[in-house]
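Visitor: As a plain string of letters, each chain reads:
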Amino acid sequence: MFKLFSSSNIYLFIQQLIKFINSIFFLILLIGLTFALILSPPDYLQGDTVRIMYVHVPSAWIGLACFSLITLLSVLNFIFKIKNFYFINKSLAPIGLLFTCLAIITGSLWGQPTWGTWWAWDARLTSMLALMLFYIFYILTFKFLNTEELIIKVSSIIAIIGSINLPIIKYSVEWWTTLHQPASIKITGSNSIHSEMMLPLMVMLLVFLLYAALIFLMKYKTEIIRIKKKNIKR
Amino acid sequence: MISNFITMNGYGLYVWLSFSIVFISCTVVYFKTKKTLKKYEKDFLAELQTLTLEEKNKVLATSKIAQQILTTSSKVN
Numbered sequence: 006m007f008k009l010f011s012s013s014n015i016y017l018f019i020q021q022l023i024k025f026i027n028s029i030f031f032l033i034l035l036i037g038l039t040f041a042l043i044l045s046p047p048d049y050l051q052g053d054t055v056r057i058m059y060v061h062v063p064s065a066w067i068g069l070a071c072f073s074l075i076t077l078l079s080v081l082n083f084i085f086k087i088k089n090f091y092f093i094n095k096s097l098a099p100i101g102l103l104f105t106c107l108a109i110i111t112g113s114l115w116g117q118p119t120w121g122t123w124w125a126w127d128a129r130l131t132s133m134l135a136l137m138l139f140y141i142f143y144i145l146t147f148k149f150l151n152t153e154e155l156i157i158k159v160s161s162i163i164a165i166i167g168s169i170n171l172p173i174i175k176y177s178v179e180w181w182t183t184l185h186q187p188a189s190i191k192i193t194g195s196n197s198i199h200s201e202m203m204l205p206l207m208v209m210l211l212v213f214l215l216y217a218a219l220i221f222l223m224k225y226k227t228e229i230i231r232i233k234k235k236n237i238k239r
Numbered sequence: 021m022i023s024n025f026i027t028m029n030g031y032g033l034y035v036w037l038s039f040s041i042v043f044i045s046c047t048v049v050y051f052k053t054k055k056t057l058k059k060y061e062k063d064f065l066a067e068l069q070t071l072t073l074e075e076k077n078k079v080l081a082t083s084k085i086a087q088q089i090l091t092t093s094s095k096v097n
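Residue numbers (the numbering used here), protein chains in the order written: chain A, 6 to 239; chain B, 21 to 97.
So here's chain A without its partners, still in its complex pose:
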C-alpha cells in the first residue's frame, strides 16, 4: 500500500496526468472561450463587462483555494512532519500568487466601467491585496532562508497568520458596506446567477483548474527531480 505512494510511482503518475491534461486542455479551453465570449448573454445591468467575470471569479476562487490548502498542509506538516507537504506547498504557492494577481487585475478592469474607478480601499479589494502580500512573503521564505527546517517553520507561521484573512475575504461583502457586490454563488442557499451565465462560469473554472493542476504537476515533478539529483551520489 505504502509502496504505491513511493516517489517513483508518484512520478510516473504525474507523467501520465500531465499527458492527459495536455490532451484535453485546448478542447475545453475552446469550449470555455466560446461560451464566455460568444454564447453567454450580456448582463441586463452591466452589459458585456460581465464577461470579465469568467476570468475574474475562477482566478479569485483558485487564489483562495490554494492558500486554504497551503494552510491546511502547513498545519499538518507542523504536527506530523510530512516532508511531502512542504514540496506540495512550495509548488502551490506560485500558482496561488498568479491567480490572486489575476483576480485583482481583472477585478480592477471590471471595476472601472462598473464602479467608475480602478481601485478603492474597500474591504474585499483590500483583503485580496493582503492575500497577495501573504503569498509574496510565503514565496520569499523559500528564496531567502537557508535551511529547510527554518523555511518550514517560517512559511507555516506565515500561512497560519494569513489564513485569518481568508474568512475576512469571504465575508467582507456581508460585514462591511463595500463597492464589491455580494456573493452570487453560494454553496448553501440559492444562487442569484442565471444558468446561461453559470454554465460558462463552470466551464471556465474547469479550464483554470486544469491549468493550475498542470502547472502544479510540473512544479512538483521539478521538486522530485531536484531531490533525486541531490541524492544521486548517496
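Among these hints, one or two may not hold up.
[Unchecked claim] Covered stretches of chain A (in silico footprint by chain B; criterion: 3 or more residues with CB under 8 Å from a CB of chain B, positions within the stretch not fixed):
id, region
1, 72 to 82
2, 141 to 154
[To be verified] In the DSSO-like style, the derived pairs of lysine-lysine whose C-alpha atoms are separated by at most 27 Å in a straight line are:
id, chain 1, residue 1, chain 2, residue 2
3, B, Lys59, B, Lys76
4, B, Lys76, B, Lys58
5, B, Lys55, B, Lys76
6, A, Lys148, B, Lys78
7, B, Lys76, A, Lys224
8, A, Lys224, A, Lys86
9, A, Lys24, B, Lys62
10, B, Lys76, B, Lys62
11, A, Lys234, B, Lys78
12, B, Lys76, A, Lys148
13, B, Lys54, A, Lys235
14, A, Lys191, B, Lys52
15, A, Lys88, A, Lys235
16, B, Lys54, A, Lys224
17, A, Lys234, B, Lys84
18, B, Lys78, A, Lys95
19, A, Lys86, A, Lys24
20, B, Lys52, A, Lys95
21, B, Lys52, A, Lys234
[To be verified] Simulated restraints on C-beta separations:
id, chain 1, residue 1, chain 2, residue 2, range
22, B, Thr82, A, Met203, 12 to 22 Å
23, B, Lys78, A, Ile141, 41 to 51 Å
24, B, Thr82, A, Trp123, 27 to 37 Å
25, A, Asp48, B, Ile44, 22 to 32 Å
26, A, Lys158, B, Glu75, 18 to 28 Å
27, B, Ala66, A, Ser197, 26 to 36 Å
28, A, Ile190, B, Lys78, 54 to 64 Å
29, A, Thr122, B, Thr56, 36 to 46 Å
30, B, Lys84, A, Leu77, 23 to 33 Å
31, A, Leu214, B, Asp63, 29 to 39 Å
It is worth saying that the hints were derived from the structure and are not from the lab.
Quick reminder that beta carbons are idealized off the backbone N, C-alpha and C, glycines included.
Assemble the complex: chain A is given as a structure, and chain B must be docked to it using the hints.
Guide: This is chain B only, laid out in the frame that chain A set:
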C-alpha cells in the same frame, strides 16, 4: 455582428484586456515552468554522466525516476 463582438458594445477594451492579460500571463508561466523542468532534467542527466558505469547502472536499476528521465530525454533528442 463581428464589429459587435470586437467592440462588446463599447466595453471591448476592458473585456479583451482582461482576457489577454490572463492568457499572456498563463502562457508565460507555463513556458517558464516547462523550461525549469527541462533544465532540472538536463542537470539530473549531467549529474548521472559524472558517475562511473557501475554507479550509473546501479542508479538506473534502482530508480524508476532516473529511467524515466533518461527515456524522455532520449525521445526528445
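Visitor: Each of the hints needs a verdict: does it hold here or not?
Guide: Hint check:
no.	hint	result
1	72 to 82	violated (count 0)
2	141 to 154	violated (count 0)
3	Lys59(B) / Lys76(B)	holds (20 Å)
4	Lys76(B) / Lys58(B)	holds (21 Å)
5	Lys55(B) / Lys76(B)	holds (25 Å)
6	Lys148(A) / Lys78(B)	violated (34 Å)
7	Lys76(B) / Lys224(A)	holds (26 Å)
8	Lys224(A) / Lys86(A)	holds (21 Å)
9	Lys24(A) / Lys62(B)	holds (20 Å)
10	Lys76(B) / Lys62(B)	holds (16 Å)
11	Lys234(A) / Lys78(B)	holds (14 Å)
12	Lys76(B) / Lys148(A)	violated (32 Å)
13	Lys54(B) / Lys235(A)	holds (20 Å)
14	Lys191(A) / Lys52(B)	violated (36 Å)
15	Lys88(A) / Lys235(A)	holds (15 Å)
16	Lys54(B) / Lys224(A)	holds (8 Å)
17	Lys234(A) / Lys84(B)	holds (13 Å)
18	Lys78(B) / Lys95(A)	violated (30 Å)
19	Lys86(A) / Lys24(A)	violated (31 Å)
20	Lys52(B) / Lys95(A)	holds (16 Å)
21	Lys52(B) / Lys234(A)	holds (20 Å)
22	Thr82(B) / Met203(A): 12 to 22 Å	violated (51 Å)
23	Lys78(B) / Ile141(A): 41 to 51 Å	holds (43 Å)
24	Thr82(B) / Trp123(A): 27 to 37 Å	violated (57 Å)
25	Asp48(A) / Ile44(B): 22 to 32 Å	holds (26 Å)
26	Lys158(A) / Glu75(B): 18 to 28 Å	violated (36 Å)
27	Ala66(B) / Ser197(A): 26 to 36 Å	violated (57 Å)
28	Ile190(A) / Lys78(B): 54 to 64 Å	holds (55 Å)
29	Thr122(A) / Thr56(B): 36 to 46 Å	holds (38 Å)
30	Lys84(B) / Leu77(A): 23 to 33 Å	holds (30 Å)
31	Leu214(A) / Asp63(B): 29 to 39 Å	holds (31 Å)
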